[in-house]
Amino acid sequence: MRSRNAVDRERLCVDHSGVFMLRLFVASLLLALPATAQTVAPPSIASLLAGTAGTWTGRLEYRDYQSNRWEGLPMTATIALQADGATMIRTATFDDGPKTGAVVITTISLVDTTNETESYASFRKGKPLSSGTAILSMPAPPRDATHWTIVAQEHARDGDGLAKLRETTTRDGDMLTVLKEVDPDGDGKDAWLPRNRTTLKRVG
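Every number in the numbering used here is 2 more than the matching position in the sequence shown, counting from 1.
With a straight-line Cα cutoff of 20 Å, these simulated DMTMM-like cross-link-like pairs (lysine to aspartate or glutamate) come out:
1. K182 - E73
2. K182 - E169
3. K182 - D160
Restraint-style ranges between C-beta atoms, simulated for each label pair:
4. K127 - A55: 22 to 28 Å
5. T179 - S49: 18 to 24 Å
6. G56 - A158: 25 to 31 Å
7. D162 - A55: 31 to 37 Å
8. I110 - G190: 33 to 39 Å
9. P196 - S49: 24 to 30 Å
No lab work stands behind these hints: they were computed from the structure.
Computed from a prediction, not measured in an experiment: that's the story for all the values here.
Glycine included, every Cβ here is placed at the ideal spot set by N, Cα and C.
Between the sequences and the hints, there should be enough to build the whole structure, so can you do that?
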């Protein structure tokens, strides 16, 4: 017959074995967590822009440099993602007063995911074709698919001269803000000047 001490030692061994197996199981779970997290890639710039497809309404605003205030016009924008999942057609419509009437600007764009650039061509009645290629970047990782900021920069013609152009698009849920800034060549200044701003709310 085994002594009480022998039985206690066996129970202690069993308890230690159970604790060891539990710790081993927990450790294996902890090791697996980082690997699982790494499999979830953050949204790409192309997918974030594709997510803006729909109908938006709001205002197209211009900066009045004399009053230092934003003056604007009601605007509607329709963004359509094409069947290839990469090409987008954006149609912006606003009323520019009794002399000009309705203005329709249609822009076709395509994001190159290999080098994070966007090529575009923009059409407007009575204006020359505007086209180019902008470099895209994100100043910070997107919080999710509907909360992010994307910056597009290029060097192109602006009015009668050349300038660095910067367009910052910020999405906050159903709100979309696009700020266009310019830094003209040869003005002796290294400063961005606001050109126009679009503030939109998703309605469809």
